[in-house]
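Top line first, the protein sequences correspond to chains W, U and F.
Position 171 (the first sequence) corresponds to 170 in numbering that gives the first Met the number 0; numbering is contiguous.
Position 456 (the second sequence) corresponds to 455 in numbering that gives the first Met the number 0; numbering is contiguous.
Position 391 (the third sequence) corresponds to 390 in numbering that gives the first Met the number 0; numbering is contiguous.
Keep in mind that the hints were calculated from the coordinates and are not lab data.
Quick caveat, the model's predicted, so the values are computed rather than measured.
Just so you know, even glycine gets a beta-carbon here, dropped at the ideal spot from N, CA and C.
No false leads were slipped in.
Here are the simulated lysine-lysine pairs, DSBU-like style, with alpha carbons at most 35 Å apart:
{"id": "1", "chain 1": "U", "residue 1": "K56", "chain 2": "F", "residue 2": "K153"}
{"id": "2", "chain 1": "U", "residue 1": "K58", "chain 2": "F", "residue 2": "K153"}
{"id": "3", "chain 1": "F", "residue 1": "K153", "chain 2": "U", "residue 2": "K275"}
{"id": "4", "chain 1": "F", "residue 1": "K153", "chain 2": "U", "residue 2": "K268"}
{"id": "5", "chain 1": "U", "residue 1": "K198", "chain 2": "U", "residue 2": "K390"}
{"id": "6", "chain 1": "U", "residue 1": "K56", "chain 2": "U", "residue 2": "K124"}
{"id": "7", "chain 1": "U", "residue 1": "K112", "chain 2": "U", "residue 2": "K58"}
Sample of chain W residues lacking proximity to chain F, with all beta carbon distances greater than 10 Å (derived):
{"id": "8", "residue": "G71"}
{"id": "9", "residue": "A83"}
{"id": "10", "residue": "P95"}
{"id": "11", "residue": "A110"}
{"id": "12", "residue": "A111"}
{"id": "13", "residue": "R154"}
{"id": "14", "residue": "G299"}
{"id": "15", "residue": "L307"}
{"id": "16", "residue": "V359"}
{"id": "17", "residue": "G360"}
{"id": "18", "residue": "I433"}
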Amino acid sequence: MIGVLAAAAVILGAHPLGNMSVNHYDGLSVFLDRIEDTAIIDSAEIPTLQQRQGASGPPDAYAARACGELAGAVRGQVGEQPLAWRVTSAAFAYRPGAAGLPTSRLTCRLAAPLRVERPVTLTFANPYRGGAVGWREITASGSGVRLSASSVPTRSVSGELHAYPADLLSSPLDVRQARFTVEPGSGGLGAPARVPGADVLTRYTALLADRLNSLVGSDRLTVPLGLLALLVSLVLGAVHAALPGHGKTVMAAYLAGRDGGPRDAFAVAATVTLTHTAGVIVLGVLLSVSASIAGETVLGWLGVISGLLIAAIGTALLRSAVVRPASQHGAADGHAHGHGPAQGHGHGHGHFASSGRGVVGLGVAGGLVPSPSALVVLLGAMALGRTVFGIVTVVCYGLGMALTLLAAALTVRRLANLTLTNRLNRLRPYTATITAALVLLVGIGITARALASLL
Amino acid sequence: MLNLIGRRPWLMAAAASTTVLATTVLATTVLAGAVLLGPAMNAVTATSHWDAPGTFKDKVIDASDLYAFTSPDKPDTVTIVANYIPFQIPYKPYQFDTNVQYDLHIDNTGSGKAAITYRWTFRNKGFPVPSLLRREHQAAGPESLVEQSFTLTKLRPGRPDQTLIRDGYVGPSDMGILITPGYQGLRQKAVLDLPGGGKVFTGQAADPFFSDNKAVNLLRFGIPFPPIATGVPMNVDSLAIQVPKSELALGGDPTANPVVGVWTTAARKSLNGEYKQVSRLGNPNFNEVLIPFASRDRFNGMRPQDDAGSGLVVESTRDPEQARTVERQAGVKAPAPPRADLEEIYLTGLTTKRGGPLKDDLNSQLLNRDASGFTSTEQLRLNMSTPVTAKPHKYGYLKGDKQGYPNGRRLTDDVVTVNLRMLLGEPAGPGAPGLIDENNPVYLTAPITGSFPYVALPVH
Amino acid sequence: MRRVRKALPLLGCVLLGCALLAWFTPGAWLRRDEPPPTPPRRTAYEPAAFIDQAQDHLRRYPGDTRTWADLGGAYLEQARRTGDPAFYGKAEGALRRSLPHIDAMIGMGALANARHDFALALRWGTRARSAAPYRWPLYAVLTDAYVELGQYAKADQVLRHLLDGRPDLVSFTRAAHLFHLRGQTARAREALERARDIASDPADYAFCVWQLGELAWSDGDPRAALSAYTEALAADPSHTPSLAAKARAEAALGRLADARRDYADAVTRSPSFVVEYGELLQHLGDRDGARRLYAVFRAQVRLQAANGVSDSLAVGRYEADHGSPAVAVRELRAEWGRRRSVDVADALGWALHQAGRHTEAARYAAYADRLGGRNALFAYHRGEISRALGRTSAAHAELTRALSINPYFSPDGPPKARAELGGAA
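Isolated chain W, as found in the complex:
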């Protein structure tokens, strides 16, 4: 027992990567006006001793000098322009190591001015003390800018050189260079706002999406695995539709305000599924055929189209509600809603020029913006030669979306019926106008948001 404890104590003391190691970490953060590098050097016992021998004076002086050397050694480039690094802060501290010998940690914060006005490619390399054995890690993230095509991850797997993974199936990291593209905007790969700040729903969806990807890409895709993949995609679709930006409010309000009945709701659901599937497939094919199409931009524009479509429907609704208020149904009719199929058939013709077109329009608007995760699954499946299975997965995904939208619409409809009968019966004559206005507003909102992400 004592032996084990003693051994454990020894372990805690010794540097996990060997007492000769000099371990480097560069955490790059890109802002609209500058790039910052948190450069950390974790030196094991022997290099710490060597550096102590060479150093004279207080640790602060050493830190300043060492960070100055490091700033002179790191290389960064924006396009063809070299970055001019300067040291903004420098810190140095000893920490207890093995055999009574200290290890040390140098933390340099470097910054270089930068203007991110359009997409630019950034390259970074840290050759400082490149000969020594050790861990070398680089991460890159953005704040107020969007990172894409990054060769390095956003988060440090070593906890910024505090906890080195002891996994038998990973080699010590040896990343000495990074390359990525930054552009104004938020989100995208590497935006910190999206990773830690994401709501629970998004985070779990991401986990599920990963699971789906690994299912579709698994070596031996068997029947139970295939079914599981389809189920996961259904759930993912449902959750995706539950996230903001799909005009659920619109759809719900529209279906509630119109006396359409379940039939219309199913028409919407079918349209959503079809549109989404078609959208994902078309976009997937486009993306796999041409490397020059930026997926994010296409998604943005689809968002704009979707918003405009909803706004157009809202306008049409509003016009028909304002122009022909006389034909508005009375409260007595309202009680009959949903009571029988025959009634349902007769309704709606007065609200909008053509009920079919309105319903389909909403469905298209709801399904037009392909879900990125469905897209990823499809692309992955295509790369593995499982295109057909990928498409089936996407169909299930669309079905999942439709289910959520349906559920939302039916719930609102029910609630509306209850509320209306009880208290707000007086508002009944104006529901069509209110619905139409709401649809229009949401349409404008979605358009504006999509445009904002594009510009």
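Dock chains U and F against chain W, hints included.
Quick look at chains U and F alone, frame taken from chain W:
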């Protein structure tokens, strides 16, 4: 059949979901191990000792595949192809070892002793490859840098050695149009006529190996390399020879003595000047599947004539370990040992004369009228009198295509799947034919050509 | 709502249909039809690529013992090549997972050799031999262990078996080492050249060329040695032993600035060369610099001790020259109890001489020469011991021999030897 489909997918699904679990458990174990293993896990080593390479993959003597078939365009000749130095990356130079004898052996009596040996030896015409590797940035040097020449000798016991080719041209590694322009022409230059009829080709070619991934994984699971997708476009160096059947047949009479056995060996000169056999290949997968892991090095150094008395070859064939592994992995049943069927397939050839389970006079040297001294040996046996199949089946003999593997081996035979199915009991019993989907689109990496040397030009 | 309830089974049917379609359609969509379109540009013959592939494979099939053993071997090779000791821990973890696979036993033996536990290496090698007598790499483990343990006859026997079974780079390099220990320089060179011609990988190539350089160096040809080291570094710039050896050769040729630069670079990569560099600095009069390097060596020893590893041979050599000869004698006697190699004999003889026990020293110095190796440092040590014993003519002969074998055998030894020869004449 039903049982197979019913059980397998669940088995696989269970395997897949346990992978995640196992990974978690593994990670935990490893973390715990880091503490419990104590000083041993520490990154400290002493340094004052002499430290030389201990693991070394010797690819220049690594024979990846051996083919032997009646030439489809010249049915009175036989083509034999031995591929060495596998997994060559395009645009990198590779060379044969100049201290190695690369041999193709022909046994027409079944004694395990070669009646004819074709021996290739090589000389460098430029600098050896390592000096070029070091100067990759200067790789745009003259073509001669990577060139070698070969000598082909025909050896027959009791007769003087006959040098067939001296200073023959070796088709070099295709280094792209800058260094090796007009590669098609270089390939043509490397196809040489043999005195007394026939042809020889020595040089780089696209690796013709292909198989179903699943078959490879099942048959070889847990062996040499972690998964290398089969049919990956890489190159090999081929030793190919096309000779009249009469030259190989016992007594020069392919009608009376139509069966020959073939294997290839590589022997390297040791420091005392003696050549030591370091690699041997006859039937595909035989050493890596039927011979137990611990004895594979031994098999590589053995002569076929010693197979029967070795206590290894016959015993391992009768009771193959790997059959049990595949049973476990795939949830199928292999016939119980002793496997007289495998013995007949790999060690004697198919014949009715030994009372084996496969009642077909197909490809045993016992069918040769004048043969004597027959013994059980592992070799790739070809009946040269089997007519060329118009539409060859990739599963060869298993599908009634008598000209296909294991009656010799054609470039289009999916030998891994055939070996897997034979391991599971075909063609003597029902086996497990559904294990590998027969309609799978496995394909040759590069299409073979219609005439000698058949193997395709190197891939890029 | 009734409609919804009616529609639900319909939806279920559609889903089921999707699934069944995916299952039963001939040509099954559930299968990967083709390998991924990107062809790998690296092969499993390259250790780094092999490690990636093996890690990937083992994440999916963690039960594949054979690949764990292969991965352990690859980690070991990577540790040897990069000098990154993190790989040793990984190697041990992977090998332990795959025991009692034959290759895991061989790997454990190689690991024990790397950790200077030669007796343990011998046990692993012997175990492996009884499990699989035809698995050739085990004989390399045995040869290395026997050589370091000083059991040269057994090493020869095992190596002969290895050379008969598998003449390749592994056996040729071991053969060269034994030839060299016996002073058969030409045969050693021939074996190394054969090994070099087989090496298809820059790191293996660098190893062989470095060893050729070491042969030239110990034969007193620093120029040839330097060009060999340069060639080794051109093949594999990370080959630290070649870098340190290059610095040593540059110092011998008077290119002191180059020597300092290369040594300084080498000691940041590996602790093995600090004493050697310190001795050069001391010889050049840079006492502070030397003291700093010796402090690094002592720290390294403390760290090793804290981790239960001891390199008594290195400690003894250092203490004999730069520390306490008494400590050196203690360390080396203990080491002599564990292994009786010519290196330990020479070091112990020299330590005893430094501690003033010349008669006993002479016995060990004679033992160090028993293989007939051409080692200038051993000869110098023997000469000094003879001189201390008053055997002037023997001392004269030994010192002359030392200078004739390699007039650059250490920074301060040759001038001393020359002075003593001059004084004696």
